[in-house]
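Peer 1: Please work from the sequences and hints to get the whole structure.
If you want the building blocks of each chain, they are given just below.
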Amino acid sequence: MFEVPSLSDLNVGATLPVTLLALGACVLLVVDLFIPRERKSITAWLTAIGIGVSLVFSLLSLSGAVEFGSGELAFSDMYRADRLTDTINVAALITALLGVMVAYDYLERTRLQRGEYYILLMFSAAGAMLMGAANDLVIVFIALELLSIPLYILSGFRRPQEASEESAMKYFLLGAFASGFLIYGIALIYGATGTTNLPEVWDAVAGVVAEDSAAKFLVMIGAGLVLAGLGFKVAAVPFHMWTPDVYQGAPTPVVAYMSVAAKIGGFAALVRVFGMGLSTFVLESGAPAAWQDTIWLVAVLTMLLGNVVAIVQSDLKRLLAYSTIAHAGYILIAVAAAGTAGLEDTAAQAVVIYLIAYAFTNAGAFAVITAMEKDDASNTSLDALRGLASRCPWLAAAMAVFMLSLTGIPLTAGFVGKWFVFKVALQADLVAAAVVGVLTSAVSAYYYLRVVWMMYFEEGEGDAATPPALAWAIGVAAVGTLVLGALPYLLSDMAREITLAFGG
Amino acid sequence: MVPLWMYLLVAAGLFSIGMYGVLARRNAIAILMSIELMLNAANINLVAFWRYNQPAQVGGQVFAAFVFVVAAAEVAVGLALIINIYRQRRSVVADDVDLLKW
Amino acid sequence: MTVNEWIFVGLFLALAWLLPATPIILAKFLAPKRPNPIKQQVYECGVETTGNTWVQFRAQYYIYALVFLLFDVEIVFLFPWALAYNKLGLFALFEVVVFIVLLVVALLYTWRKRALEWSS
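Order-wise, the sequence lines are chains A, B and C. The first sequence maps to residues 8 to 511 in our numbering. The second sequence maps to residues 15 to 116 in our numbering. The third sequence maps to residues 686 to 805 in our numbering.
Think of the hints as simulated: they come from the structure by calculation, not from any bench. Beta carbons: idealized from backbone N, C-alpha and C, even for Gly. It cannot be assumed that every hint is accurate.
To give an idea of the interface, some chain C residues facing chain A are shown, with a C-beta separation under 7 Å as derived from the structure [unchecked claim]: (1) V790; (2) Y794; (3) R797.
Peer 2: Below is the structure:
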C-alpha cells in the first residue's frame, strides 16, 4: 500500500535551481555568523553569487542546453520541473538579484547591515520558485509560507522605526489570516477529491462534476477560499487593504523586492491551482470553468480600485502600492482566461510574460525611490520629485522609462505584457474585462505621466544619491525594460513553450 | 461511528469563531490565537477527510503535520514581531489592524 | 455511538465537574477564616516575596520559549519516522539525517546569536 521511495525517485537534478538556492541560504546562514559586522558586504556578495549560480542553472534549463534530472516530476510527484517552472525561476531570481543590489547601500547608510537580510531574501525567493513548481497543494501551501514568512520579517527589518514594525505586524496578521483561508480551502478540495496532487485533483474534479454529487459544493467553496488566500498574496481587491500601508511602512528596498516576488509566487500558484488543477471544474459542458466569472470580476474590481485610488495619492510609495494593485488586476484577467478550455497554455504564457516585464519595471521604480529616500525614511512624497531631472538626469530618465512601462506605452516591456494579456482575454471572450483594462490603463497614464511631468517640468529641490550597486540595479532594470519592450519576441519566445502539461 | 459531517461541522464552527476573533478582537495576541483556531479547523477537516475517505493513504495526516509546523513558525515570527512592538510602545492593541473592518 | 454510550460521556462530564468542585465548596464552608498579612501574600514556593509580584518577565524568556517551540514542533516529523523505522530503511534514514542537519544549522545560529545565554 505504501512504497518507500528511493533516491532516484527524488530526481533532485530537476529541482537544482531551487535546491541550490535553499541550500546556499542554509550554508550562508552559518557562514554569516563568522563574518564580522563591518564586513557584511561579503555576505551580500555571496548572496549575489548564490542567486547568480541558481539563475545560470535556470537559464540553462530554460534554453534546453542541459537536461537536469530525468523527466519533469521530482520529489515523489510533488515538484514539477516544466517550462513554467523555469520561467518563474528566472523571474524570481532576477527579482532577488535586483533586490540584493537595491538593498546593499540602503542598509549600509541606515546602519541596518545584517546578514539575515540577504538570507531571508534568498529563502523567500526559493518560496516563490517553489510556488511555480508546485505539483501538489501541500507544496503550494508550504511554498506560500516560505515566501511570506521571510517577507513579514523583512518588512519589520527597520527597527526600531515604528512605521516599519507596524507594517510588519499588519502584514503578518493579515497574511496569516489569509493563509488560514488558503489551508481551509485546500482541506475542502482534498475532502472532495481525496487527493492533493494537482494532476489527480484535475482528474477527480472532472469525476465530481460528472457525478453531480455534493462534493461539487466542497470544490466550489474550496476554490473560493484558495482564491481568497492567493488573492491576498497578489493584492487583489477585496483582499488588498494591507498593500498601501505595508508598502509605505516597510523599508523601500524590501518593497522593491516583495512587490514583485509576492506577485510572481502568487500568480504562479494561481496558474498552477486554477489553470492546471481546477481547469476541469466545468459545471455546464462547453462553458468555461466555473471560477472564471469570479476571477474576471475580481480582476475588474482590482483594476478599477487600484487605478482610481492611485490618482489621489501624494506619497510616491503609496501611489506605487496602488499601482501594484492595479497591475494585479491586469494579470488576473489572464488567469481568468485560463478558464476557457484550450486557452490554458496561452493564458499561462501571458501571465509569465507580464510578470517578467513587471519584475524589471516595478523593481526599478522602487529602486529609484530608494535612491531618493533620505536616511530617516522621508522624502518619498510626490513633491520630492520636482526638479529631479535637472539634478539627476539619468535617474530621472530611468524613472521616466519605468513610468512609461507601467502605463503600457509601446516600446517598453509593460506594453508587451499588456498586449499578451488583453489578447488572451479577447480570445477567451472576456471582452468586458479587456475593455476595462484598456480604459483603466488610460486612466493610469494620468498619474504615471504626472510623475514624469513633475521630474522634468517643475522646479524644485528633487535630489537623490545613487551609490554604485543601486545605480547598477536601476540601470539593469531600465535596460531590461527597454530591451524587452523593443524586442518583444525575447519574451514571447521564452514563454511560447509553456504548457500546463495535461491542461490542454 | 460519528458521521463525517459532525467533524466538518465542528471544523466549520471553529473556523468561524477564529474568523470572528480576527475581525473583532483588537489585541494582536488574541488575533494571533484566532488565526491558530482557523488553522486547526483546517486540520480537523484534513484528518477527518483522511480517516473517512482514504484511511489507506497518509496524505491528509501528513498534510496536517505540515500545517502544525507552519503554524508554529508563523507563531514564532508573529510573537517576535509583537514583542518588538510591545517593547517600543508598551501596548499590543492592534488599533492599526482594523483594515478589514471597513 | 449508541445512546447508552453517550450516557457514559455525560456521567464522566458530571463527575469531572463534581470532583474538583466539592473540596472547593466544602472548604468554603468548613475552613476557619483568620486572615493575617503573611497569609495574604502571594504564594511563591514558600519563600517570602521580594518586590512587586506582577513584574514583567524578561524578554529572554520569550526568546527561549520561541526557540523551544520551534524545535519542539519538529518532533512531529521525527515521530512517524521513528514508528515506522523498521520498514522505511536507509532512504528514510538519509532523509532524517538531512532534516536534523537543517535543525543543527538552526541551533548553531541561535547559539552564535547568544540566544541561549542568560546574561545579555
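Peer 1: All hints are to be evaluated individually against the structure, with a verdict given for each.
Peer 2: Here is what the structure says about each hint:
1. V790: 5 Å, holds
2. Y794: 6 Å, holds
3. R797: Holds: closest Cβ of chain A sits about 4 Å from R797(C), inside 7 Å.
Violated hints are absent here; each numbered hint is respected by the structure.
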